[in-house]
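Novice: Whole structure, please, built from the sequences with the hints as guidance.
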Amino acid sequence: MSRSLLSIEELGEVGVRRILDLADTMAEVNRRPNPKVPALRNKTVCSVFFEDSTRTRLSFETAAKRLSADTMTFAVSQSSLSKGESLRDTVESIGAMGVDAFVVRHRSAGAPWLIDSWMQASVVNAGDGWHAHPTQGLLDAYTVRTALNRPGGFDGLRVVMVGDIKHSRVARSTTAAFEALGAAVTWVAPTTLLPPAIDDSTRSSSDDLDAVLADGVDVVYLLRMQKERMTEALVPHLREYTMRFGLTPERAQRLEPQTLVMHPGPMNRGVEIAVDPAELQGAVITQQVTNGIAVRMAVLFDVLSPDADQEALS
Amino acid sequence: MTKRVLSPEDVRRAITRMAHEIVERNQGLDDVALVGVQTGGVWLAAALGAEIARIDADSCVPVGSIDASLYRDDIGIRPVSPAAVSELNADVEGARIVLVDDVLFTGRTVLAAMDALSDYGRPMAIQLAVMVDRGHRELPIRPDFVGKNLPTSTDENVAATPDGVTIT
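So the sequences go chain by chain: A and B.
Position 304 of the first sequence, counting from 1, maps to 304 under my numbering, and the rest follow consecutively.
Every number in my numbering is 314 more than the matching position in the second sequence, counting from 1.
None of these hints come from the bench; they were simulated from the model.
Incorrect hints may have been included.
Listed below are several chain B residues computed to face chain A (Cβ distance under 7 Å; list not exhaustive) [to be verified]: (1) Cys374; (2) Leu384; (3) Val399; (4) Ser400; (5) Leu402.
Taking CB as the label site, the calculated pair distances span [stated by the list, open to error]: (6) B:Asp458 to A:Lys36: 25 to 31 Å; (7) A:Ala214 to B:Cys374: 50 to 56 Å; (8) B:Asp388 to A:Lys227: 51 to 57 Å; (9) B:Leu453 to A:Thr290: 54 to 60 Å; (10) A:Ala214 to B:Asp388: 38 to 44 Å.
Non-contacting residues of chain A with respect to chain B, defined by C-beta distances greater than 10 Å in every case (computed) [unchecked claim]: (11) Lys36; (12) Asp52; (13) Val271; (14) Ser305.
The beta-carbon is built from N, C-alpha and C at its ideal position, and this holds for glycine as well.
Specialist: Here you go:
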């Protein structure tokens with residue numbers, strides 16, 4: 001039975017820790033002059049992206065290549081989906097070419113679960129709708145873990161996540177990863193951009209960023225603010241959004257210098273981040289991108305290795 | 315049932331002898347580096363390094379470690395999980411590397427460790443030091459420095475630590 005990575009929730013705390021420990025090993029590989037190991041040399045990884053994302057796809061493909069796996073790419077624009085083929089037929093015909101792992105992005109929440117139920121191969125969710133983006137959650141957790149040197153966990157760590165929580169799969173997966181390791185996450189957004197119901201009573205939310213920052217915070221996580229939200233009348237104006245929820249120079253000055261500033265990219269400069277991150281001592285936005293490769297190497301290696309519980313390594 | 319084969323004192327004596335053998339074989343200790351195989355060989359590499367420093371106070375033999383799990387030939391056949399991060403401070407290029415492990419069995423770990431080493435550079439030579447050689451080799455690999463030759467059956471487990479060597 002193949003293993004898949006579909007969500008942080010299914011991975012659980014033990015799984016998150018296992019991947020992050022593995023990522024340390026992969027990061028060491030990436031620091032070498034020849035950053036490549038033969039670990040997955042007989043495996044084929046196919047990225048199937050039904051929604052555009054050059055950077056996530058490149059990150060996964062780089063990760064696969066550094067583990068010596070063969071890579072294939074399926075881009076929707078060149079595909080037979082436009083000729084009317086169903087998702088199942090498309091994926092099964094790619095699978096028939098001999099694929100060990102699918103990296104799937106789809107605009108519909110749940111699509112990776114469907115594909116996983118059809119296929120023998122492993123499936124890695126690279127983003128489904130507003131729902132989940134588990135490798136982003138893992139690379140964010142790994143970035144905090146290395147930047148703050150907290151391999152033991154995030155107990156007592158205060159994270160504030162600001163922006164369009166409602167439409168963000170990054171918000172959900174990154175929050176789940178942080179919370180799995182013990183951090184306290186506060187969601188800050190205009191009420192129109194918060195999920196309609198927050199069932200988890202341990203997580204707080206607010207529409208007053210300055211009040212939350214005044215309480216003290218270790219990590220500020222900014223989400224991308226999309227211009228469409230303005231035409232949908234969810235925020236009155238992006239300038240007002242920046243004034244109330246953006247990281248302005250004035251707010252940046254009030255942060256403790258060691259406060260981490262994170263962003264999943266691509267950044268809307270002048271909207272959610274109105275300072276140059278290069279001038280922020282605690283900005284780890286480029287580290288997030290770099291760590292993404294090590295974390296995705298860890299994920300691919302993990303799903304393509306037999307279950308470690310079955311037999312202890314002698 | 316656990317059977318003790320070497321006492322802590324025996325292990326200590328074996329380390330002293332192996333350290334002397336390493337010094338004797340590598341006259342001058344130039345370009346010699348000890349590399350413990352993660353995780354079992356790391357303590358032995360450190361102990362050998364300390365002993366060599368005691369024997370020859372002028373020597374400066376670096377001690378590192380290497381994780382070979384990503385180079386194993388049995389990935390996909392059985393669970394393989396990297397246990398620790400490699401730390402190689404010495405320059406592998408042109409060095410005489412003494413690879414150190416606790417127990418030598420099939421030889422597959424040593425093969426993986428040599429593959430891993432070669433990704434850091436081209437050593438002038440690789441030598442192998444193990445606390446226990448328990449036989450049953452599946453590859454043409456033979457140790458240069460041995461603490462104890464121990465005939466075993468394949469279904470037994472051998473553990474070698476500073477606290478002694480046991481068979482289970």
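Novice: Evaluate each hint against the coordinates.
Specialist: The hints, checked one at a time:
1. Cys374: 24 Å, violated
2. Leu384: Status holds, d = 4 Å.
3. Val399: 5 Å, holds
4. Ser400: 6 Å, holds
5. Leu402: It is violated, given that the least Cβ distance between leucine 402 (chain B) and chain A is near 9 Å, above 7 Å.
6. B:Asp458 to A:Lys36: 25 to 31 Å: Since the Cβ atoms of aspartate 458 (chain B) and lysine 36 (chain A) sit about 29 Å apart, the hinted range of 25 to 31 Å holds.
7. A:Ala214 to B:Cys374: 50 to 56 Å: 54 Å, holds
8. B:Asp388 to A:Lys227: 51 to 57 Å: 52 Å, holds
9. B:Leu453 to A:Thr290: 54 to 60 Å: 37 Å, violated
10. A:Ala214 to B:Asp388: 38 to 44 Å: 56 Å Cβ-Cβ, so the 38 to 44 Å window is violated.
11. Lys36: 8 Å, violated
12. Asp52: 32 Å, holds
13. Val271: Since the minimum Cβ distance to chain B is about 39 Å, valine 271 (chain A) lies beyond 10 Å and the statement holds.
14. Ser305: 6 Å, violated
When held up to the earlier numbered hints, the structure conflicts with 1, 5, 9, 10, 11 and 14 and fits the remainder.
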